[in-house]
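Peer 1: Listed below, chain by chain, are the residues.
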Amino acid sequence: MAKEREPLFSEKNKKLLTIPLGKENPITVQVLGICSALAITVKLEPSVVMAISVMAVMAVGNVVISILGKSIPTRIRIIVQLVVIATLVILVDMVLKAFAYDVSKQLSVFVGLIITNCIIMGRFEAFAMTNKPWPSFLDGLGNAFGYGWILIVVGFFRELLGSGTLWGYQVMPDSFYQAGYVDNGFMMLPPMALIVVGVIIWIQRSRNKELIEN
Amino acid sequence: MEEILKEDSKDLKLKRIKMHSNGYIFRFAIIMVIAVAVILTATATLLKPFQDDNKNTEKMQDVVKAAFANNDDIEITVSNTQELYEKYIYKELLINPVTGEIVSEYSDNKQVTGEVRAFDVKLKDELEKQKNGEEAAFPLFIAKKDGEEIYVIPLYGKGLWGPIWGNVALASDMQTVVGAIFDHKAETPGLGAEITDEDIFQNQFIGKKIFDDEGNFTSITVIKGGVANQSAISEEHGVDAISGGTITSVFVSDMLHDCLTNYVEFIKKNK
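Residue numbers (my numbering), protein chains in the order written: chain A, 26 to 239; chain B, 51 to 321.
In isolation and in its complexed conformation, chain A is listed as follows (with noise of 0.2 Å):
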């Protein structure tokens, strides 16, 4: 009896891809990959370029690590997805460097820690040395979406609040100004994306009772 496929987008594929956005997000409920998402969402350009810069490195390494599967062996399966993270990483900061230099140079060392972003190796540990490339994938562009957005609502509200522009153009009028708002400040600073990431936590779980811990 021939197995029936699975259809790319049965049910539980798009679980995947939408359980890490909201019930198991990376950030807010797991808290993992937090130190990133303080040092680079003072603007908004550089959390999207992040949050794309993850999503390859991610999902390429989880279909890899997908593909490799059992041939890894066991013993040395932490290094073996180390090499994979590393060498994904090293590719995108340089890809960066030579199509987007402002940007790169914006993310710094950010980009290299890329490689110690703790929801990278827990995926390929906990998913993806077990599943097919396929729900492989999914589930680190699931993940790293999950991850991506919550950079970008940090950085739209910390680029807008905090210098008045968004993705380098101004959005605050003038007249805003003229009358005597100010820019706040303390946006610019990372204690406050851990308070916009705790506000974010906040709304979710008061939306969500199951997220809340007795």
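The reader is advised that the hints may include incorrect statements.
[To be verified] In silico negatives: residues of chain B with every beta carbon more than 10 Å from chain A: (1) V86; (2) A94; (3) I152; (4) Q161; (5) I192; (6) Q225; (7) E264.
[To be verified] Derived EDC-like pairs: lysine to aspartate or glutamate, alpha-carbon spacing no greater than 16 Å straight-line: (8) B:K109 x A:D127; (9) B:K318 x B:D262; (10) A:K130 x B:E108; (11) B:K194 x B:E133.
For the record, the hints were derived by calculation from the structure and aren't laboratory data.
Values in this document were obtained by computation on a predicted structure and should not be read as measured data.
Glycine included, C-beta positions come from ideal geometry on N, C-alpha and C.
Put chain B on the given structure of chain A with help from the hints.
Peer 2: Just chain B now, kept in the frame of chain A:
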């Protein structure tokens, strides 16, 4: 049932041991490392020209920015950098620090004298040569706008955690600063890294002088505690340091002195 399970697990165990023998692990590791090396080398080679291009543009941008720091008419973006550079920087010189003579001159896209274009010279290498007692030549970029010449002197030195560099632009009197920009590899964010801030640091240099009234070279010193509060250095030769960035500030002073001093002979000759 139990027996079958036992048999199964024994089988699995055997398989795993067989599959992950030391030999296998070594083979796996070696193949993986070679594959990764090939991929990275290929990409690096492929992307090198783009990256070099970006670095050159940045270098040009730094020169133009220093020259026109005090000039609001000229807006400098990544896309118009090349154009601005070609329009305003009309001469690139290489200067012998001891005699003050011009070693090489490049203007109108042509090499006039000498063999090397000043733009292609790495300041770091020249400083290294000088330190080792070899003959070195230092680049000088001359901009011209509305008939006024602006002299842009590149800087390079060590910072607290890594190199720092920048450009100082002098007005046509060859002693008044009209612009200065600094950059760094790894200074502490929020402290030493603030040397890249235009408003609080770089703009302080505008209007300062690198020679005193008698024509002696004084350089510009970055002073802890504020220029206004001390008497050792007069106000026109000093700028305020960055709070919390003392060591980087000292290195900026050193860099300014060590680099500018190489142009003293040239300036005395041509003033």
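Peer 1: If any of the earlier hints don't hold here, list their numbers in rising order.
Peer 2: 1, 2
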